[in-house]
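As you go down the protein sequences, you meet chains A and B in turn. All residue numbers for the first sequence refer to the working numbering, where the first residue is 1 and numbers rise by one. All residue numbers for the second sequence refer to the working numbering, where the first residue is 124 and numbers rise by one.
Everything labelled a hint here was simulated from the structure, so no lab data went into it. The reader is advised that the hints may include incorrect statements.
To be verified - Using 20 Å as the maximum straight-line C-alpha spacing, the simulated EDC-like pairs for lysine to aspartate or glutamate come out as follows:
(1) A:K17 <-> B:E163
(2) B:K269 <-> A:E13
(3) A:K92 <-> A:E110
(4) A:K58 <-> A:E22
(5) A:K58 <-> A:D32
(6) A:K17 <-> A:D75
(7) B:K191 <-> B:E344
(8) A:K17 <-> A:D89
(9) B:K142 <-> B:D392
(10) A:K17 <-> A:D60
(11) A:K17 <-> B:E160
(12) B:K154 <-> A:E22
(13) B:K148 <-> B:D381
(14) A:K55 <-> A:D75
(15) A:K17 <-> B:E173
Said to hold, decoys possible - Derived Cβ-Cβ restraints for the label pairs, each shown as a range:
(16) A:E20 <-> B:Q315: 32 to 38 Å
(17) B:E163 <-> A:D89: 51 to 57 Å
(18) A:G38 <-> B:K283: 55 to 61 Å
(19) A:I121 <-> B:R270: 28 to 34 Å
Unchecked claim - If you want the footprint, here are the derived chain A segments under chain B, 3+ residues with CB under 8 Å:
(20) 26-32
(21) 47-59
This structure is a prediction, so every number in the text was calculated from the model and none was measured. Yeah, the Cβ is synthetic: ideal placement off N, Cα and C, and Gly gets one too.
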Amino acid sequence: MADMVQFELVSPERLIKAQEVEMVVIPGAEGDLGVLPGHSLLIAQMRPGVIDIHKDGKVDEQIFVASGFCEICPDRCVVLAEGAIAVNDIDKFAVEERLKLASSEIDESELRISEAMLAAISS
Amino acid sequence: MPNLKDLRVRIDSVKSTQKITSAMKMVAAAKLRRAQESAEAARPYAMRMENMLGSLAGSLGSFEGAPKLLSGSGSEQTHLLVPFTANRGLCGGFNGSIVRRVRDITLSLKGDEKTVKILCVGRKGHDVLRREFPAEVIDSIEDLGKRHVEYSEAVDVADKVTELFHAGEFDICTIIFNRFQSAMTQIVTPQQLIPFIPADIDEDGTKIDSGPKPVYIFEPEEESILDSLLPRNLAVQVFQALLESSASEHGARMTAMDSATRNAGDMIDNLTLTYNRTRQAFITKELIEIISGAEAL
Numbered sequence: 001m002a003d004m005v006q007f008e009l010v011s012p013e014r015l016i017k018a019q020e021v022e023m024v025v026i027p028g029a030e031g032d033l034g035v036l037p038g039h040s041l042l043i044a045q046m047r048p049g050v051i052d053i054h055k056d057g058k059v060d061e062q063i064f065v066a067s068g069f070c071e072i073c074p075d076r077c078v079v080l081a082e083g084a085i086a087v088n089d090i091d092k093f094a095v096e097e098r099l100k101l102a103s104s105e106i107d108e109s110e111l112r113i114s115e116a117m118l119a120a121i122s123s
Numbered sequence: 124m125p126n127l128k129d130l131r132v133r134i135d136s137v138k139s140t141q142k143i144t145s146a147m148k149m150v151a152a153a154k155l156r157r158a159q160e161s162a163e164a165a166r167p168y169a170m171r172m173e174n175m176l177g178s179l180a181g182s183l184g185s186f187e188g189a190p191k192l193l194s195g196s197g198s199e200q201t202h203l204l205v206p207f208t209a210n211r212g213l214c215g216g217f218n219g220s221i222v223r224r225v226r227d228i229t230l231s232l233k234g235d236e237k238t239v240k241i242l243c244v245g246r247k248g249h250d251v252l253r254r255e256f257p258a259e260v261i262d263s264i265e266d267l268g269k270r271h272v273e274y275s276e277a278v279d280v281a282d283k284v285t286e287l288f289h290a291g292e293f294d295i296c297t298i299i300f301n302r303f304q305s306a307m308t309q310i311v312t313p314q315q316l317i318p319f320i321p322a323d324i325d326e327d328g329t330k331i332d333s334g335p336k337p338v339y340i341f342e343p344e345e346e347s348i349l350d351s352l353l354p355r356n357l358a359v360q361v362f363q364a365l366l367e368s369s370a371s372e373h374g375a376r377m378t379a380m381d382s383a384t385r386n387a388g389d390m391i392d393n394l395t396l397t398y399n400r401t402r403q404a405f406i407t408k409e410l411i412e413i414i415s416g417a418e419a420l
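Isolated chain A (complex conformation) (with noise of 0.2 Å):
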């Protein structure tokens, strides 16, 4: 057995990321899904979330989704995401605003987003 995962995260717009990793925690719908290499065949739905990519040990890279589904075989995982953006490239200022915009709204979605976001930046 590899002892790495083949990891893909795809969003609408590209390919966003293809490589090996060791490991890579999702945000699944009922709890984060860490993905070792042989795990056993696994489809989920995701929530707005980070996806953590670990590097020896390390959390290497974090990767906000706002939404979409995961697909996990025991040599693969592959994400499709919408609304992918990495965690150091969020700008606080503007999530706020998309917040405010948000609650005034009472868009159920776009607020569980936001917040969601703002909560990657700050942890």
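Following the hints, complete the assembly by docking chain B onto the known chain A.
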């Protein structure tokens, strides 16, 4: 003998036509690059979405109460065709090849005693098909992708199709669009959207062996994943078709305008040659008249 003035006027008019076609070629080339990039960048997502849905559907088998978008309405009587054409002409065989394919499919389905309905996307296809199949064309969606294709526009189209499906207006939905290959070649591709058929072709164009399907775990359960995945997939496939179609349109227009510019160049050369010959002949004739006049004295 052609009149000199007429020739001059014609040369001028061909020259200005050439200016227009070469400008259109430039514009199309610039737009093509952008459209091609976004179409190619979006392919992996649409492909993987389809594969995921394929493995989902495969491991689900045919259980009772599967969503209708997946399993179909249980009948094959009424077909809905959704051809994607351009809003504007002057792009070679782009619209014509789509219309021709739609005509073939419609006639063959009608030969099998099926009912056909056509929902046109794009003005050009609607113009032609409306005349040819007035009873079949139910509606048209125009003014899409004015500048560049938006995902929300694809969602609108997908919503409309879903609405018609739930209203029981059709059983099988096929989209017909030009898949972008290169600026010179576009491939007319029919793709069945409803009910969903898993693609058996890999990203590299190799066949995926259809052995026993692996069994997946679902989180949350199948039904709720399917409920959100199916409409999403529909929109994504429509979006991809729109992108491919727009890249193909610009490619086809660029090629058409390129050959138009070249033809205009050839025409100008020919006309200029005739013009010069005529002018020379005219001068010679005048000289002969003067000389023979002088000799007669």
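To see whether the hints hold, each was checked on the structure:
1. A:K17 <-> B:E163: Given pair K17 (chain A), E163 (chain B) holds - Cα atoms ~15 Å apart, limit 20 Å.
2. B:K269 <-> A:E13: Since the Cα atoms of K269 (chain B) and E13 (chain A) sit roughly 18 Å apart, the hinted pair holds (cutoff 20 Å).
3. A:K92 <-> A:E110: The hint holds at about 15 Å.
4. A:K58 <-> A:E22: holds, 10 Å
5. A:K58 <-> A:D32: holds, 17 Å
6. A:K17 <-> A:D75: Given that 20 Å is the threshold and the Cα spacing comes to 16 Å, the pair holds.
7. B:K191 <-> B:E344: Measuring from Cα to Cα gives roughly 17 Å; hence the hint holds.
8. A:K17 <-> A:D89: holds, 16 Å
9. B:K142 <-> B:D392: Given that 20 Å is the threshold and the Cα spacing comes to 15 Å, the pair holds.
10. A:K17 <-> A:D60: Status holds; Cα separation ~14 Å.
11. A:K17 <-> B:E160: holds, 17 Å
12. B:K154 <-> A:E22: Violated: K154 (chain B) and E22 (chain A) sit about 41 Å apart, past 20 Å.
13. B:K148 <-> B:D381: Holds, because 6 Å separates the two Cα atoms, which is no more than 20 Å.
14. A:K55 <-> A:D75: Within the cut-off at roughly 16 Å; holds.
15. A:K17 <-> B:E173: This hinted pair holds, its Cα atoms lying about 19 Å apart.
16. A:E20 <-> B:Q315: 32 to 38 Å: holds, 36 Å
17. B:E163 <-> A:D89: 51 to 57 Å: violated, 24 Å
18. A:G38 <-> B:K283: 55 to 61 Å: violated, 44 Å
19. A:I121 <-> B:R270: 28 to 34 Å: holds, 33 Å
20. 26-32: holds (count 3)
21. 47-59: violated (count 0)
Hint violations for this structure: numbers 12, 17, 18 and 21, all remaining hints satisfied.
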